[in-house]
Amino acid sequence: EAGVTQFPSHSVIEKGQTVTLRCDPISGHDNLYWYRRVMGKEIKFLLHFVKESKQDESGMPNNRFLAERTGGTYSTLKVQPAELEDSGVYFCASSQGGQGNTEAFFGQGTRLTVV
Amino acid sequence: AQSVAQPEDQVNVAEGNPLTVKCTYSVSGNPYLFWYVQYPNRGLQFLLKYITGDNLVKGSYGFEAEFNKSQTSFHLKKPSALVSDSALYFCAVSRLQGGKLIFGQGTELSVKP
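Protein chains in written order, with the numbering used here: chain A, 1 to 115; chain B, 116 to 228.
Keep in mind the hints are simulated off the structure, nothing from the lab.
Incorrect hints may have been included.
Each computed BS3-like pair below joins lysine-lysine, with the alpha-carbon atoms no more than 25 Å apart [unchecked claim]:
#1 K137(B) x K51(A)
#2 K164(B) x K41(A)
#3 K44(A) x K227(B)
A partial selection of chain B residues facing chain A, derived with a Cβ cut-off under 8 Å [as the list claims (entries may be wrong)]:
#4 Y154
#5 K173
#6 Y176
#7 F182
#8 K184
#9 L203
#10 L216
#11 F218
#12 G219
#13 Q220
From the three backbone atoms N, C-alpha and C, an ideal C-beta is built for every residue, glycine too.
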């Protein structure tokens with residue numbers, strides 16, 4: 001069974017450019033989560049989809065970040081325009097049931113560097 | 116507010132010795148507690164979880180963790196460390212089923228032969 005896959009694995013962009021990260025969850029998983037780890041700090045929650053609906057987007061830092069999950073399958077996270085402080089590793093995770101009850105499966109992450 | 120603290124940035128142990136990676140949490144209500152591990156160039160892998168029941172939870176690769184409600188701790192342990200256990204370990208808590216995970220800062224475990 002394929003795990004959670006994320007594209008690209010690395011991205012280096014200039015400040016002010018746009019970047020789109022993609023996450024393909026495990027097939028059949030309704031729950032999809034985005035997290036971010038800034039260098040050396042804790043992994044922080046960004047948002048949670050249940051199928052195509054945003055269940056919780058309390059962690060989205062500002063309106064430069066836009067997440068979508070059309071059709072309830074894969075998800076994209078767009079950063080526009082990117083700022084230096086957006087650099088970090090962006091993780092996607094998926095789970096079948098509620099994440100608190102069923103463990104979440106994480107992707108390898110996308111390392112974003114804004115220069 | 117929910118929070119998780121991993122007081123040690125790095126833990127060094129000799130192969131064959133027991134290891135402990137510490138975690139304390141703050142959350143209202145009953146917590147759901149997790150440990151994840153990240154090997155180099157890999158994603159986060161689930162190790163174990165505490166939902167309810169027995170305070171001692173056993174997980175993957177011989178790891179276990181003990182839930183201590185009075186001390187609000189969930190320390191990760193292994194009786195005999197392996198060099199291959201060297202990785203970054205994250206403790207996480209959730210207040211609700213299906214809710215977001217709150218992570219600690221991570222602890223780098225280094226096991227030397």
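Each hint, compared with the structure:
{"no.": "1", "hint": "K137(B) x K51(A)", "result": "violated, 35 Å"}
{"no.": "2", "hint": "K164(B) x K41(A)", "result": "holds, 22 Å"}
{"no.": "3", "hint": "K44(A) x K227(B)", "result": "violated, 31 Å"}
{"no.": "4", "hint": "Y154", "result": "violated, 10 Å"}
{"no.": "5", "hint": "K173", "result": "violated, 14 Å"}
{"no.": "6", "hint": "Y176", "result": "violated, 15 Å"}
{"no.": "7", "hint": "F182", "result": "violated, 15 Å"}
{"no.": "8", "hint": "K184", "result": "violated, 17 Å"}
{"no.": "9", "hint": "L203", "result": "violated, 10 Å"}
{"no.": "10", "hint": "L216", "result": "holds, 7 Å"}
{"no.": "11", "hint": "F218", "result": "holds, 4 Å"}
{"no.": "12", "hint": "G219", "result": "holds, 6 Å"}
{"no.": "13", "hint": "Q220", "result": "holds, 5 Å"}
Hints 1, 3, 4, 5, 6, 7, 8, 9 from the earlier list are contradicted by this structure; the remaining hints agree with it.
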